[in-house]
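There are 2 protein chains.
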Amino acid sequence: MKKIGILGGIGWPSTVEYYQIISQKCQSYYSSKNISGPLPTPEISIESLNMNFSFNNRGSSELGSWDLWDAYFNDALKRLENNGVDIIVIASVTPHSRLTEISKGISVPIISVYEAIGAECKKQKIKRMLVLGTMPTMSTPAFINGMRVFGVEAYYPPTNELKEAVVNIIQRLYENKTQDAAQEINELVLSCVSEMGFSNTAVCLGCTELPLAFSGFSDNASFSVEGYLYLNSTVIHAGNAFLECIE
Amino acid sequence: MKKIGILGGIGWPSTVEYYQIISQKCQSYYSSKNISGPLPTPEISIESLNMNFSFNNRGSSELGSWDLWDAYFNDALKRLENNGVDIIVIASVTPHSRLTEISKGISVPIISVYEAIGAECKKQKIKRMLVLGTMPTMSTPAFINGMRVFGVEAYYPPTNELKEAVVNIIQRLYENKTQDAAQEINELVLSCVSEMGFSNTAVCLGCTELPLAFSGFSDNASFSVEGYLYLNSTVIHAGNAFLECIE
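In the order they appear, the protein sequences are chains A and B. Take the first sequence: its position 24, counted from the start at 1, is 24 in my numbering, and no numbers get skipped. Take the second sequence: its position 38, counted from the start at 1, is 38 in my numbering, and no numbers get skipped.
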């Protein structure tokens with residue numbers, strides 16, 4: 001097994017999800033094999049950051065405004081590399097929009113969340129997808145570009161009001177407050193879809209907090225609620241990390 | 001806040017517990033303060049080991065038989081130190097019985113589980129305590145000696161059969177199989193106590209897997225079930241790490 005590095009803490013509940021999914025998938029994988037002693041898990045290094053610091057040091061469109069933020073993530077990736085990890089997974093979608101900047105000087109492969117989700121879309125023949133995420137995710141074209149490679153037309157909530165509503169739900173989920181969140185997400189999706197006039201669309205929970213709202217489905221890569229197909233970015237991304245680990 | 005290092009993976013479910021307890025205690029601590037942005041959490045490095053390797057390389061009473069095991073843990077502690085952590089907590093009771101050997105050359109303070117539990121006993125005026133743990137814990141005097149400093153007479157299950165029963169329960173909990181475990185632990189305690197002829201005793205869940213059996217009480221440092229006072233080593237130990245972190 002390869003040693004996995006997880007860049008986490010952004011936020012901490014989704015770091016738990018990634019670590020649990022990888023550990024459980026690994027134990028299922030070995031449970032049918034003839035193993036002496038406890039079922040193996042890969043060695044894992046986790047660098048868990050302080051989300052208060054990263055959030056308060058997000059940049060704007062101004063040149064250099066992301067420098068502190070970029071360095072905070074780049075340093076953590078370097079520590080993972082120094083720990084001897086063979087692959088890295090970032091347990092949060094948001095930093096992927098600045099992957100080029102934060103991975104400067106890192107030679108260990110970083111498993112992209114866009115590629116993991118794009119491959120899943122291809123498998124499920126998804127052609128159009130609403131992406132719900134943090135404000136940086138929904139303000140930059142990175143996710144949309146990442147999906148285009150896989151023939152998927154991705155789009156964000158069409159108004160600022162709807163984007164703000166997504167962000168409010170995420171903020172509560174970060175503090176592990178899950179009550180009513182699933183219902184609110186469903187209503188929000190309905191508003192986005194009717195605003196855009198689309199009849200056929202999947203929904204990507206494109207922020208590692210959002211799947212925490214759907215506790216009954218937290219193990220599934222995708223699931224249907226009230227007629228919409230949801231993709232769970234956490235399960236898809238962490239599942240890819242596990243597959244890379246045992247390859 | 002100090003940066004925390006967690007030596008984990010032995011096993012992974014208790015590593016999740018330590019990480020969650022520290023993160024949640026930190027968010028509760030800051031929730032009453034005037035904080036801009038998401039509630040802070042400390043920066044945390046986790047080195048998660050492969051329990052299959054450590055289990056299969058446990059030594060015996062033979063000289064040098066623990067060398068590989070000691071080096072495995074010592075190397076992981078060194079990686080935590082290199083990551084710049086200020087304090088270290090080992091998310092498992094078992095390795096504490098070889099703390100002297102595995103902490104060679106480490107200058108970062110390691111928060112002892114014995115001192116955390118001893119202080120809690122003193123606070124709760126506990127004088128006698130049955131310790132349930134892994135076989136290495138129940139075969140070495142380290143836990144008993146650690147408690148004596150705090151005026152607590154600690155003892156292990158009095159027969160090999162009873163010790164084996166504890167180990168079997170732990171093995172299932174490591175794989176997150178919690179069904180019937182609480183009931184079995186309770187019956188086991190009854191057998192130990194009647195065998196020893198003690199009428200007044202507390203019980204230390206002295207292995208980080210065991211508290212996972214009592215899901216309803218997983219947040220409590222101590223709790224009563226069927227007339228016995230149980231101490232949750234995970235909550236007590238992780239709580240101490242949090243206090244050290246904000247000190």
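Just so you know, the hints here were simulated from the structure itself, not pulled from any lab data. Hints are not guaranteed to be accurate.
Because identical chains share one entry, a pair is satisfied inside a single copy or across any pair of copies.
[What the hints assert, rightly or not] No more than 30 angstroms apart at the CA atoms, straight line, and that leaves these computed lysine-lysine pairs for BS3-like: (1) Lys33 / Lys177; (2) Lys3 / Lys104; (3) Lys123 / Lys25; (4) Lys33 / Lys78; (5) Lys104 / Lys177; (6) Lys2 / Lys177; (7) Lys127 / Lys177; (8) Lys78 / Lys3; (9) Lys125 / Lys177; (10) Lys2 / Lys104; (11) Lys127 / Lys104; (12) Lys177 / Lys3; (13) Lys78 / Lys127; (14) Lys33 / Lys125; (15) Lys33 / Lys123; (16) Lys122 / Lys25; (17) Lys78 / Lys177; (18) Lys2 / Lys122; (19) Lys123 / Lys3; (20) Lys33 / Lys127; (21) Lys177 / Lys25; (22) Lys78 / Lys2; (23) Lys104 / Lys78.
At most 30 angstroms between C-alpha atoms: does lysine 127 with lysine 104 qualify within a copy, between copies, both, or neither? Neither: 32 angstroms inside a copy, 57 angstroms across copies.
Given identical chains, is lysine 78 near lysine 127, meaning Cα to Cα at most 30 angstroms, within a copy, between copies, both, or neither? neither (37 angstroms within a copy, 48 angstroms between copies)
Given identical chains, is lysine 2 near lysine 104, meaning Cα to Cα at most 30 angstroms, within a copy, between copies, both, or neither? Both. Shortest intra-copy (22 angstroms) and inter-copy (27 angstroms) distances satisfy the 30 angstroms Cα cut-off.
Please work out whether the CA atoms of lysine 78 and lysine 2 approach to 30 angstroms or closer within one copy, between two copies, in both situations, or in neither? Both, since 17 angstroms and 20 angstroms are each at most 30 angstroms.
Up to 30 angstroms between alpha-carbons, please classify lysine 104 paired with lysine 78: within, between, both or neither. Classified as both: same-chain Cα gap 9 angstroms, cross-chain 26 angstroms, threshold 30 angstroms.
Evaluate lysine 104 and lysine 177 at a C-alpha cut-off of 30 angstroms and name the case that applies: within, between, both or neither. neither (35 angstroms within a copy, 42 angstroms between copies)
For lysine 33 vs lysine 123, is the C-alpha pair at or below 30 angstroms within one copy, between two copies, both, or neither? Answer is within: at 28 angstroms inside a copy they meet the 30 angstroms cutoff, but 47 angstroms across does not.
Which holds for lysine 2 with lysine 177 at a C-alpha limit of 30 angstroms: within a copy, between copies, both or neither? For lysine 2 and lysine 177, the Cα distance is within 30 angstroms only across copies (26 angstroms; inside one copy 34 angstroms).
Regarding lysine 123 and lysine 25, is the shortest C-alpha distance of 30 angstroms or less found within a copy, between copies, in both, or in neither? within (20 angstroms within a copy, 42 angstroms between copies)
Intra/inter-copy verdict for lysine 177 and lysine 25 if alpha-carbon distance must be at most 30 angstroms: Both, since 26 angstroms and 15 angstroms are each at most 30 angstroms.
How would you label the pair lysine 122, lysine 25 (within, between, both, or neither) given a Cα cut-off of 30 angstroms? Classified as within; 23 angstroms inside a copy, 42 angstroms across copies.
Taking 30 angstroms as the upper bound on the Cα-Cα distance, should lysine 33 and lysine 127 be classified as within, between, both, or neither? Answer is neither: 38 angstroms inside a copy and 46 angstroms across each miss the 30 angstroms cutoff.
Violated hints, in rising order: 4, 5, 7, 9, 11, 13, 14, 17 and 20; the structure is consistent with all others.
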